[in-house]
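Spelled out from the first residue to the last, the chains are:
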Amino acid sequence: MFYREAGDFKTNYADDSQTFPIAFDRKAYYAAMFVAFCVIPLVINSYWEKSVLVPFLVWSIAALGLNILTGYCGQVSLGTGGFMAVGAFAAYKLMTAFPELNIFFVVFLSGGITALVGIAFGLPSLRIKGFYLAVATLAAQFFLVWLFNKVPWFYNYSASGQITAPERTVFGVIVTGPNAPSWATYLFCLTILFLLAWGARNLTRGRIGRSWMAIRDMDIAAEIIGVDPLKAKLSAFGVSSFYIGVAGALFFASYLGAAEVTEAFGINQSFLVLFMIIIGGLGSIFGSFAGAAFMVLMPVALKNLLVGGLGWPTDIAAHLELTIVGALIIFFLIVEPHGLAQLWRLTKEKLRLWPFPY
Amino acid sequence: MTHTVAEAASDDLEYAVKEIQHGIPPRVIGEPVMEMKHITLRFGGVTAIKDISFDIREGEIRAIIGPNGAGKSSMLNVINGFYHPQEGEIWFRGKKRGPMKPHEIARQGIARTFQNIALFKGMTTLDNIMTGRMTLMKTGMLSQLWWWGRAQAEEIEHREKVERIIDFLEIQHIRKTPVGRLPYGLQKRVELGRALAAEPKLLLLDEPMAGMNVEEKEDMCRFILDVNDEFGTTIALIEHDMGVVMDIADRVVVLDYGKKIGDGTPDEIRNNQEVIDAYLGVSHD
Amino acid sequence: MTRGAALDSALDTFPKLLEDNARRFGDRPANREKEFGIWQSWTWREVRDGTRALAMGFMALGLEPGEHVAIIGKNRPKLYWSMIASQYCGATPVPVYQDAVAEEMAFVLEHAEVVFAVCEDQEQVDKVLAVKDRLPKLRHVIYLDPRGLRKYDHTTLHSMEHVERLGQDRRAELEPRIDAIRDAGKGSDTCVMLYTSGTTGRSKGVVLSNDNVIVTARGAAQFDDLRETDSVLAYLPMAWVGDFVFSVGQAYVVGFCVSCPESQETMMADLKEIGPTYFFAPPRIFETILTNVAIRMEDAGRVKKWLYDVFMAHAKKVGPDILDGKPVGLGARLKYWLGELLIYGPLKNVLGFSNVRVGYTAGEAIGPEIFQFYRSLGINLKQLYGQTEATVFITIQPDGQVRADTVGVPGPGVEIRIADNGEVFYRSPGVFQEYYKNPESTADTKDAEGWVATGDAGFIDPESGQLRIIDRAKDVGKMADGSMFAPKFVENKLKFYPPILEAVVFGAGRDRCVAFINIDMAAVGNWAERNNIAYASYQELAAHPQVYAWVQKCIEEVNRDVAQDPMLSGCQIHRFLILHKELDADDGEMTRTRKVRRRIVEERYKPLIDALYAGEPSAYIETEVTYEDGRKGKIAATLELRDVAVFERRSEQGRDAA
Amino acid sequence: MSPVFLNTLEVILNGLMAGVMYSLVALGFVLIYKASGIFNYAQGVMALFAALTLVGLQTGQVPFSHLINAIFGTEVHHFGWELPALVAIVLTLGVMVIFAILVERLVLRHLVGQEPIILFMATIGLAYFMEGFGDLMWGSDIKKLDVGLPSGGSFWLEDVTRGWAAEGADYYGMYIDLLDVWAAIVATILVVSLTLFSQYTKTGRALRAVADDHQAALSVGIDLRTIWVITWAIAGFVALVAGVMWGAKSGVQFSLSLIALKALPVLMLGGFTSIPGAIVGGLIIGVGEKLFEYAIGPMLGGATENWFAYVLALLFLVFRPQGLFGEKIIERV
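So the sequences go chain by chain: U, S, R and L. Residues 1 to 358 in our numbering are what the first sequence lists, from first letter to last. Residues 1 to 285 in our numbering are what the second sequence lists, from first letter to last. Residues 1 to 658 in our numbering are what the third sequence lists, from first letter to last. Residues 1 to 333 in our numbering are what the fourth sequence lists, from first letter to last.
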């Protein structure tokens, strides 16, 4: 309905394969970016930061990461929580060992370390496929959490076994720990998310992305036409873990401020991220965002409704919330197994063809 | 303005040499590109291929035929390295081939299609064919991440080549359609496109006409001949439809129960008593 | 915008215009073509260089001034360049209908004595080579797309690239020669030769001079204020005068961009992508589009359909007035604006008409419903009246004075005269030079003072001052009782009904009229699907009783309408049948531009006509058909013949203006 | 015999007992996977739910009492009666059958033909739902489950084995929980009866037919939906048994649902489709993790049971991707 595409044609391949080939979409994207970068920081408050925006940003990064591995490369992983823990602990060790190191480097180095760990745990994927692999990734989840729990070096021998984020600044503004202003943590996470999302888009539209998708869609044929499964799978594990590691570092440093490994990075987080990409849409960058938004917003909304609105005890609300989340997930899978991204695509198609039905 | 017709004709002679360059030389069948020597392949106790030797020459269309279960598909899988024979030697372009993974063999210039279409269902026609050029693309992870510059330039360079193939196969209208939604005949064509995209030295086609109606078969035959003709690609194909094979192949190998029972031009095969018997034996098939 | 008059007069040939455009609009796009997934583009400078390179190649192959070059293929930039390249050599391009069967094409190539044939692809090369024996003057065949041509004998066959290379190799010698020919070129030189498809007999080669084309094109461009920022989609046959005048004449005079679609099948998609600002289509295409809109909207959800109905009804009421700048109430305007947002805008977008500033339809009468539909959407669709012999333009409708039943006022420099028998005559700068090698026909058509007979009967509408066309002059006949018989008038009315694609009405010299109907496969097929009517073929669908009933209803409505016309009330249809096959150009029943060849239809289906007049309930017919590949076959059918109600004139009700 | 040897023996025995429990849960997975190709993550939660229901029925709890109290401001908790264990078990079984029917009606039926991962995710959704639903229904406090099985260490075994150690050694005898022994016995009975069921009854043969080839099973007139209901009901029964055993041992609480995670490596080892695989795999994992924890655990800070089973299964699969009982896979194109 809103699309006016006549005359919006492509005269070269660069234009033809751009991320938003339709001018209208491009404008909408710029507008969204303007709001995200220039408007929200001005109006953000602590509640929105802590319960909606920053968790959304951080989970989006994690969802992007898992979507690369599962959605694009077809390797189901249940080790997301463990890999986030690697990112968080790497960030903690780096921050405490090298206080001078810029926080951006810390975050990206943490991602790098997680990538190496991810590649190591991805090695079995060369022999194991499908659910066997999914279960195998649980080994990473349990082993890593156990490791960070049992080896005091990781939490600098603190008595509680907790790690606490020291304050680090960007251009003199605190962005980590409990004293960081809302807008600063928000902008910090947003910037990193923006860069990573852009990178994810680039990786998935080119040679590497196609090698992932080929492995996903038909691994034997992919190998026969020249895709090296070793490189494809390990690069997916590496890149995916990098994203998840960064998410873990931000989750710890900017969002929680302090973390205890079994609580913050348990298996439930693995499932949470998996839900995000399934509900959002496998193999879709947009889906990662949509799924993260859905899974972050829905509990907040339910809680507001049940506890704030109806005044129920929190434990009953929590149980009801679990029930509703479970039911909604099933409902979603039945109604649109390809997720919100597909729903969005269909809606867009409808709008483009408006007033025609097809 | 005194340039006459006669002069124009002599100009033609003058440009005769160039003419040959621009018109393309007639099809020449050259030396063997691939030689299979005494190949034996076993699965556990079952012998799928027994002591088979034959060669494939540069520029020819070579057919491997035989009834179901004759070992044709296994043979193709041996050629592209998916199965490793227990005995025998494989020579490719004058060199004996050592143990190699399928993707390494693809890199050497062997591409193939599959009997039960093996397209990447979640990707578009364009992406499927682009994936066929995987072996020819080089940019690394960091360039890809940055995109602008090398990665994009490479992408565009290969897109241009792929678009030629799309044009050649007349599948422009489905360029951006996910292949899962395409009808069978078009999927077969896309798969041929994916194999062609690799610019192979040897193209293997596994029952390219299986499950097609007469019209689609005719189309596919035309494309196979055109590929061989326009690009000079060496083609080895498996078919159990004798009729089609006899029309388009230069030479034919006949397998039966894992053994070679005939090898020669279509005419020779037609008159080969052993082949006739084998086919009569399965004529109810 | 065109240049000053003084400059204009210096730019009197296409090579000169091209070089001037390359200087003035150097980096502006001149041609686009959808190929390999994107719109390949050429700037004016590139077009100039490409055209000159081709010209040198042609010259290297020995093309002489005054010779004829056939251009055969779909609309493609390089084929357009070949036309101008021929002119650079002093030769004349002869575009040929590419879908012509070998025999027709052979006649044109032979008659025009072409020396070169520039073909799009193997298919066209094959057609030319097939009749090579009959073309003793043909020296070279040049092709654009090399696919499948590798194994051909290349002694007189060349790829376009090769031709360019030949020219390039002798550039130093040839460049001055083409420049010299260009400089020597005059407005009175022959520009192009176009074969009319002609509703009767063999086609004739209409010779047009540079002045004919350039002066008319310039006049019409000024009339509609065309600018270099405009763009058109070239999708109509290159051999048709309209395409030459729009896509070459006006494009060169104004400097706008001409885009070529990827293929016939993707035309609508390409139209949407390009979104032209200047659009031309015969009524048939507008009709098809409207039919498609109706069919697609049938499947729309309830809300959408309701919105569509509400706003289209409103558009019908006020749309044309708003377009013509007439006063419209604020409420209606607001509602129209809302409609633009919700329905008209999206609809125009999906159809590719969002940017159309000037749209034309011509060639045949367009249904008032169809015409108003587009105008009510806010598309400035107008009518013009023209023919090949006039270099298209005879009359044009000015902005703001558009009507469905007239064809406009005389174009710039055109004079109109109506003869006593009602035939329309004109005299204009676009009047053709001659019919090639056919002085008798030339003399028959054009008199010594330059007046040309159009062959159409018409009159000047006293109310609007615009020309109104009734029918072909020779088709307007008398019935047995001496009353007026105008079959085209009735046929056009019939054709505006969705199930009817073509209609042929007979009745000259008879006491009453009967009709043959061709149903519209798209509309009727869709209707059949909707009503669960199974059918396997056109023939089966055409014979279906419900289809008959539907068509009968349409004809009765037309009869009721015709009955109101005092002059033509005798033209009501008394009986009809639905033909078992579509009238087809391959069978000679229609022209390539899809006009019915009445006489041939009459001859072929004589038994049917006799049966209709004899009052029989059914009739058997066997006809020979020609398939696309040239094979011939026979189809036979027994057709139902039906009676239709006829009406008396109701005196109390005035005749409908449409 | 040295105490070390005896201790090792004890560890192995305990491992076997634990292994039997793992097998039991794994069995539930295998049954469903074979019949419907669904990797049922909710198996553990089903055990929790069954155990909660059993306790609730046994003690006469009012279902949804917390929710009712929150909405209506009432104070209801118990009906005031208690049910005998056997009756409660039968009733719970009925609940599980109803549950199986609902799952088929509301979930599976609508997901026919979807990708395995989608089905897997649906069972995770199901797990979330049941977890919340069970808590809503019966409350989330830790409950004691007692169906009358003996528990506590076996003094007899302690006495007997104490004498085996070398004279003067610091050894007090072998400790084995009677409940574990009972659990092992019940599990064994269950496995044997399931095997008999699938071999010798018509329904059982239909189940196997479906597992081998869905299409073929359909074509001979087996109703797939009924089969699903039956398998889910059986899985519910298996879950109930597992829930009872585990619940009796360590109380009915959320962590009970985590036994599903214990069963996963067993599946990897034994294969998703093999019943003997599930049994042998369970035993291997049970013994393996206990031994590892006993021998190497202390050096690593303990609690290695959390991950050992996974790493073992992982390493095993890397070297033998077809699992314990699978045949070598010949890939085809």
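Bear in mind the hints are in silico, worked out from the structure with no lab data behind them. Every residue gets a Cβ at the ideal spot worked out from N, C-alpha and C, and that includes glycine. Check before you lean on any hint, since a few could be wrong.
As the list claims (entries may be wrong) - Simulated coverage check for chain U against chain S, where a stretch passes if three residues somewhere in it have a Cβ under 8 Å from a Cβ of chain S: (1) 53-65; (2) 290-298.
To be verified - A few chain L residues that face chain U, going by a derived Cβ cut-off under 7 Å, partial list only: (3) Leu83; (4) Leu86; (5) Ile89; (6) Phe129; (7) Asp135; (8) Val147; (9) Tyr175; (10) Leu178; (11) Pro321; (12) Gln322.
To be verified - In silico PhoX-like cross-links for lysine-lysine, where the CA-CA straight-line distance does not exceed 20 Å: (13) Lys176(S) with Lys348(U); (14) Lys137(R) with Lys151(R); (15) Lys350(U) with Lys138(S); (16) Lys143(L) with Lys34(L); (17) Lys350(U) with Lys272(R); (18) Lys231(U) with Lys176(S); (19) Lys316(R) with Lys350(U); (20) Lys634(R) with Lys581(R); (21) Lys151(R) with Lys186(R); (22) Lys34(L) with Lys129(U); (23) Lys127(R) with Lys632(R).
Going down the list of hints, with the structure as the test:
Counting residues of the segment 53-65 of chain U whose beta carbon lies closer than 8 Å to any beta carbon of chain S gives 0, which falls below the threshold of three, so the coverage claim is violated. Coverage of the segment 290-298 of chain U by chain S is violated [criterion: at least 3 residues with CB-CB distance below 8 Å; count 0]. Proximity of Leu83(L) to chain U is violated relative to the hint, the smallest CB-CB distance being about 25 Å (cut-off 7 Å). Taken as an interface hint, Leu86(L) does not check out: its beta carbon lies about 30 Å from the nearest beta carbon of chain U, beyond 7 Å.
Because the beta carbon of Ile89(L) sits about 25 Å from the nearest beta carbon in chain U, more than 7 Å, this interface hint is broken. Given hint, Phe129(L) at the interface with chain U, holds; its Cβ is 3 Å from that chain's nearest Cβ, closer than 7 Å. Because the smallest distance between the Cβ of Asp135(L) and any Cβ of chain U comes to about 4 Å, under 7 Å, the interface hint for this residue holds. For Val147(L), the suggested interface contact is broken, since its CB lies about 26 Å from the closest CB of chain U, more than 7 Å.
With its C-beta approaching chain U no nearer than about 26 Å, Tyr175(L) sits outside the 7 Å limit, and its interface hint is violated. The beta carbon of Leu178(L) is not positioned within 7 Å of any beta carbon in chain U (closest approach about 30 Å), and the interface hint is therefore violated. For Pro321(L), the interface hint holds, the least distance from its beta-carbon to any beta-carbon of chain U being 5 Å, beneath 7 Å. For Gln322(L), the interface hint is violated, since its Cβ never comes within 7 Å of a Cβ in chain U; the closest pair sits about 10 Å apart.
Taking the CA atoms of Lys176(S) and Lys348(U), the gap is about 16 Å. The hint holds against a cut of 20 Å. Restraint check for Lys137(R) and Lys151(R): not satisfied, since their Cα atoms lie roughly 24 Å apart, outside the 20 Å limit. Note on Lys350(U) and Lys138(S): the hinted pairing is violated, with a Cα-Cα distance of about 39 Å set against a maximum of 20 Å. Taking the CA atoms of Lys143(L) and Lys34(L), the gap is about 33 Å. The hint is violated against a cut of 20 Å.
Restraint check: the Cα-Cα separation between Lys350(U) and Lys272(R) comes to about 16 Å, which is no more than 20 Å; the hinted pair holds. Distance restraint check for Lys231(U) and Lys176(S): the Cα-Cα separation of roughly 27 Å exceeds the 20 Å cut-off, and the hinted pair is therefore not satisfied. Our distance criterion of 20 Å between C-alpha atoms is broken by Lys316(R) and Lys350(U), whose separation comes to about 26 Å. Restraint check for Lys634(R) and Lys581(R): the C-alpha separation of about 11 Å stays at or below 20 Å, so the hint holds.
Our distance criterion of 20 Å between C-alpha atoms is broken by Lys151(R) and Lys186(R), whose separation comes to about 42 Å. At most 20 Å may separate the alpha-carbon atoms for a hinted pair to count; Lys34(L) and Lys129(U) meet this at roughly 18 Å. Between Lys127(R) and Lys632(R), the direct Cα distance comes to roughly 18 Å. Compliance with the 20 Å bound is thereby established for this hinted pair.
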